[in-house]
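Residue numbers (the numbering used here), protein chains in the order written: chain C, 93 to 592; chain V, 6 to 523.
It is possible that some hints are incorrect.
[Claimed, not checked] Computed cross-link-like contacts, SDA-like style, restricted to lysine to any residue with a CA-CA straight-line distance of at most 25 Å:
| hint | chain 1 | residue 1 | chain 2 | residue 2 |
| --- | --- | --- | --- | --- |
| 1 | V | K319 | C | I544 |
| 2 | V | K179 | C | L553 |
| 3 | V | K179 | C | T394 |
These are calculated hints, taken from the structure and not from any lab test.
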Amino acid sequence: MFELPPVTEAWEFLQKNSVAIGPQLHLLLWALGMLIIDFVIPAGRKAVSALLALGGIVMAGLQLYLLRSSSPISAFYDTVVLDSFATFFSALFLIAAAVTVFISYRYLEIENEQHTEYYALLLFATSGMMFMAAALDLITIFISLELMSISTYVLVGFLRRRRRSNEASLKYFLLGAFSTAIILYGMSLLYGVSGTTNLIVIGEQAKLLQGNTLLILAVFTIMAGLCFKVAAAPFHMWAPDAYEGAPTAVTGFMSVAVKAAAFALFLRIFFVAFHEVRGIYVPLLVAVSILTMTWGNVAAVTQQNVKRMLAYSSISHAGYVLMGLVAGTELGVIASAIYLLAYTFMNLGIWAVVILLRRQDISGEQVEDFDGLYSRHPSLAIVMLIFLLSLAGIPPLGGFIAKYFVFSAIIEVAMDPSQPYASLMVWLAVIGVINAVVSLYYYFRIVYAMFIQEEYQPAPLSFSAGLLTAIAITGIVTLLIGIYPQPFINLARAATSPLL
Amino acid sequence: MEFFMANILNFVCYFPLVGVVLIMLWPKGKEHETAVKWIANLVAFIGFLISLPLITQFNNPAFIDMTGMRYVIRTNWIDALGVQYYFGIDGISLLLILLTTLLGFLSILSSWNAITERVSEYYCYFLILQVGMLGVFMALDFFLFYVFWEVMLVPMYFIIGIWGGPRKLYAAIKFFLYTLLGSVLLLLGILALYFYQHSVTGTWSFDVLGFQNLEIPFNLQWWIFLAFFVGFAIKVPMFPFHTWLPDAHVEAPTAGSVILAAMLLKMGTYGFVRFSLPILPQATIHFLPWLLVLSVIGIIYGALVAMMQKDMKKLVAYSSVSHLGFCMLGVFIATPVALEGGILQMLNHGISTGALFLIVGIIYERRHTRLISEYGGLSHVMPVYATVFMIMTMSSIGLPTLNGFIGEFMILQGVFADPDYRSWAIFGAAGIVLGAAYMLWLYQRVMFGTIEKDENRTLPDLTLREFATFAPLIVLAFWIGLYPRTFLEYLHEPVNQVVEKVRPGEFMPLPVQSAETK
Numbered sequence: 093m094f095e096l097p098p099v100t101e102a103w104e105f106l107q108k109n110s111v112a113i114g115p116q117l118h119l120l121l122w123a124l125g126m127l128i129i130d131f132v133i134p135a136g137r138k139a140v141s142a143l144l145a146l147g148g149i150v151m152a153g154l155q156l157y158l159l160r161s162s163s164p165i166s167a168f169y170d171t172v173v174l175d176s177f178a179t180f181f182s183a184l185f186l187i188a189a190a191v192t193v194f195i196s197y198r199y200l201e202i203e204n205e206q207h208t209e210y211y212a213l214l215l216f217a218t219s220g221m222m223f224m225a226a227a228l229d230l231i232t233i234f235i236s237l238e239l240m241s242i243s244t245y246v247l248v249g250f251l252r253r254r255r256r257s258n259e260a261s262l263k264y265f266l267l268g269a270f271s272t273a274i275i276l277y278g279m280s281l282l283y284g285v286s287g288t289t290n291l292i293v294i295g296e297q298a299k300l301l302q303g304n305t306l307l308i309l310a311v312f313t314i315m316a317g318l319c320f321k322v323a324a325a326p327f328h329m330w331a332p333d334a335y336e337g338a339p340t341a342v343t344g345f346m347s348v349a350v351k352a353a354a355f356a357l358f359l360r361i362f363f364v365a366f367h368e369v370r371g372i373y374v375p376l377l378v379a380v381s382i383l384t385m386t387w388g389n390v391a392a393v394t395q396q397n398v399k400r401m402l403a404y405s406s407i408s409h410a411g412y413v414l415m416g417l418v419a420g421t422e423l424g425v426i427a428s429a430i431y432l433l434a435y436t437f438m439n440l441g442i443w444a445v446v447i448l449l450r451r452q453d454i455s456g457e458q459v460e461d462f463d464g465l466y467s468r469h470p471s472l473a474i475v476m477l478i479f480l481l482s483l484a485g486i487p488p489l490g491g492f493i494a495k496y497f498v499f500s501a502i503i504e505v506a507m508d509p510s511q512p513y514a515s516l517m518v519w520l521a522v523i524g525v526i527n528a529v530v531s532l533y534y535y536f537r538i539v540y541a542m543f544i545q546e547e548y549q550p551a552p553l554s555f556s557a558g559l560l561t562a563i564a565i566t567g568i569v570t571l572l573i574g575i576y577p578q579p580f581i582n583l584a585r586a587a588t589s590p591l592l
Numbered sequence: 006m007e008f009f010m011a012n013i014l015n016f017v018c019y020f021p022l023v024g025v026v027l028i029m030l031w032p033k034g035k036e037h038e039t040a041v042k043w044i045a046n047l048v049a050f051i052g053f054l055i056s057l058p059l060i061t062q063f064n065n066p067a068f069i070d071m072t073g074m075r076y077v078i079r080t081n082w083i084d085a086l087g088v089q090y091y092f093g094i095d096g097i098s099l100l101l102i103l104l105t106t107l108l109g110f111l112s113i114l115s116s117w118n119a120i121t122e123r124v125s126e127y128y129c130y131f132l133i134l135q136v137g138m139l140g141v142f143m144a145l146d147f148f149l150f151y152v153f154w155e156v157m158l159v160p161m162y163f164i165i166g167i168w169g170g171p172r173k174l175y176a177a178i179k180f181f182l183y184t185l186l187g188s189v190l191l192l193l194g195i196l197a198l199y200f201y202q203h204s205v206t207g208t209w210s211f212d213v214l215g216f217q218n219l220e221i222p223f224n225l226q227w228w229i230f231l232a233f234f235v236g237f238a239i240k241v242p243m244f245p246f247h248t249w250l251p252d253a254h255v256e257a258p259t260a261g262s263v264i265l266a267a268m269l270l271k272m273g274t275y276g277f278v279r280f281s282l283p284i285l286p287q288a289t290i291h292f293l294p295w296l297l298v299l300s301v302i303g304i305i306y307g308a309l310v311a312m313m314q315k316d317m318k319k320l321v322a323y324s325s326v327s328h329l330g331f332c333m334l335g336v337f338i339a340t341p342v343a344l345e346g347g348i349l350q351m352l353n354h355g356i357s358t359g360a361l362f363l364i365v366g367i368i369y370e371r372r373h374t375r376l377i378s379e380y381g382g383l384s385h386v387m388p389v390y391a392t393v394f395m396i397m398t399m400s401s402i403g404l405p406t407l408n409g410f411i412g413e414f415m416i417l418q419g420v421f422a423d424p425d426y427r428s429w430a431i432f433g434a435a436g437i438v439l440g441a442a443y444m445l446w447l448y449q450r451v452m453f454g455t456i457e458k459d460e461n462r463t464l465p466d467l468t469l470r471e472f473a474t475f476a477p478l479i480v481l482a483f484w485i486g487l488y489p490r491t492f493l494e495y496l497h498e499p500v501n502q503v504v505e506k507v508r509p510g511e512f513m514p515l516p517v518q519s520a521e522t523k
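The shape of chain C in the complex, shown without the other chains (with noise of 0.2 Å):
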């Protein structure tokens, strides 16, 4: 153990080192302030939190923007670094969680469960998504995973009247500690057998420690937290109830936010710590994403809820994004994070729709609710469609371009002779594209019933300032992807560099 330094040394420790971790400090600073203002806001104004909110949002962003261009800065002892990689995700997770502040406070109105503690869990948990995406040890991982993990437990169960959402979130915190838990313990497998946290030198180790037993379980272990996480297939069985009970505004932010935050450690612990020891876990990985993306397509085909056929659709989607991973290139690695680029802002457009259509005794979660929404709300319904098109992969919308990126990653390793596995990535890419026709087939149910049936609910939808904001932004940026992806390829590109 290290000598404590005196107090005046300490202070320009932290100054030095804080600046890598700028932004998510001051979105946690902001969200505590922001618990301590709330006793000044009178019981009919919590909206104004929302504001709030928005503003802690647009500051840390600001900062992201100005470290944006500054080469790696690692701090606290190569504890976090703040690297493209990690900016990427954070402004991806800072606009997630800015569309989630806009799509939430009418919901919550609506519902009758309008509080600061809302959107205060909410910029706790995106701060924890900012610490895991710039995390490089194995306490930091930790530490950053509970802290998102945590509040998105609270944030399940923010209904409090209501059971399905207490059911959902005493569920979500079971198998989330549980997967947790696996988790820590391959991490304590990990330090054993390595005897250091830190995952460069685990990276550097796992090269000499090929084929030890050890390492293998620590690789698994943590793997099947993160499949937790990720609510991959067989660990997604928490999911669908989850997403079905939650407020639907933290299912939006839950099937985007929290899923590309688990990615982003996915991709950097098995890109930097266990990228020498691809050859054990490729097959097991090439198994999970085609489990995943069939079981979450074939169940989603059966539900008559949106929600849960939201659910069982996101599932899926983490197959495809496994399908960066199991190829492990560098064309790999930048299909998973165009993949969860294009993905937040169909899927956060999705839900924002539905959640206009939760309106007075109306669920929205029903197939039936969207029953003609074409002939009242023609471009609301034209920009459901588009989501919808994109989510199922055709052109030129960002799915595609998503897809497009993810298989060309499996086939370029199957095209290449000296990668093992090269005929499984065959497989793979074939199964991958029949799930993406039977997932046009249930997404073309909402479809029909937007543009094909003729009754409509005569209710009027809960039309709001940001809502509406929040399906132009991702609606926009849904077709910008497709038809001019340039600049997000080169963004995924300098994102995923410092892994490679």
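Model the placement of chain V on the given structure of chain C, informed by the hints.
Using the frame of chain C, we list chain V on its own:
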């Protein structure tokens, strides 16, 4: 004018969007429907007119680039992937584009009274569909091709799904899923090509002509061919991938069926001619016996099933399967004459089957039934209609002086020119006989005899508008039948190129008039 000619492909392709925008901005409501119809018809007609300069300037050296492609437009689109926005046409695409603009207009014209609900949407989807189809025939970048190929599925889904018959939902989603399944496998094939090209040449590109110059190892060709085959064969559709077709045709509104038969199916055959054959020649030769078997099964099976139908539209739909089998027979055998005949037969099928769907649509509009048994003796009350129907029947079964004869004759002659597969011509000929049987039997049951149903006694004959939709098709049918050279001379050059790839040195090339001597 110079600007127009330099970007003519863009103008032709995207002009229908002008109509979409206008219709969307136009005030909604029943009283504005006539205006919307006028807009759609005018836009489609102008769209046809602006595609005409494609012919007149086709051999103008100013618009020919080194590869022999005309009116090339080429800019970078996605640099990171080497994707280009690359349009260009040769003789094959020229004819298909003109057929698209013409039939697009005619099918819009034919919808005037048929569509009474959600009128403005209907025309929007049609015009968007038009853009997608034109883009497919113009794209020379595989990525771009794929984008148009997929884009066109969505409006077609809505056309079948909203204005279709009783089983429209089933038919629409089946159409979409089938085609999508094919196209995603096609995408994998494209990606394999793309990475192979990079491993050999080091360039990232989706340039179709570049792919054609690759020497791809047979093993890889084999896989890519399978992927392409599923993609295109579903679209054509070839037996056994044809089951979506009768459903889609029967449920689609008349104009949808016309476009489906005349253009959408051609995208599959065009895919084979443009991509599978020249890029994967060895695999094509390797699979040739199987391909011929499937084509012939399509011809015979389609014809036999057509003969048994009680519903006229279903009959015409199955006749499509049979005719497309014919096209594919000509295309796959890849002797110069057969290939050219196969391509010409694509046009012929577009003209005659398109017209037959219109013909069925006309009595369906009047009687709201398509059952053959509901009719009989119509020639007494609808003489003009009877004449049009007769001409198109004859065109479909390949009576000399009409277009079908030229295509079928060329295909059979071309098949015969290949000593190994000479005997396959017998099956082709059998298909013609069966074709004559079901078409003439249909005509006999519907048009001749005495009128037995009272409703049929007062059926009005063709109106001027309806006749106007048929007139160009009749003219074309006779034109191709009497003087096919006008059309064939555009095909010689590209056909020679394809044949040279697939079966180098085996056949005398077709005589090409070079651009200079003209």
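Verification of the hints:
1. The suggested pairing of K319/V with I544/C holds, with an alpha-carbon distance near 24 Å, which does not exceed 25 Å.
2. For the hint pairing K179/V with L553/C, the CA-to-CA distance comes to about 32 Å; that exceeds 25 Å, so the pair is violated.
3. In summary, the hint linking K179/V to T394/C is supported, as the alpha carbons are separated by about 17 Å, within the 25 Å threshold.
Of the numbered hints given earlier, the model fails hint 2 alone.
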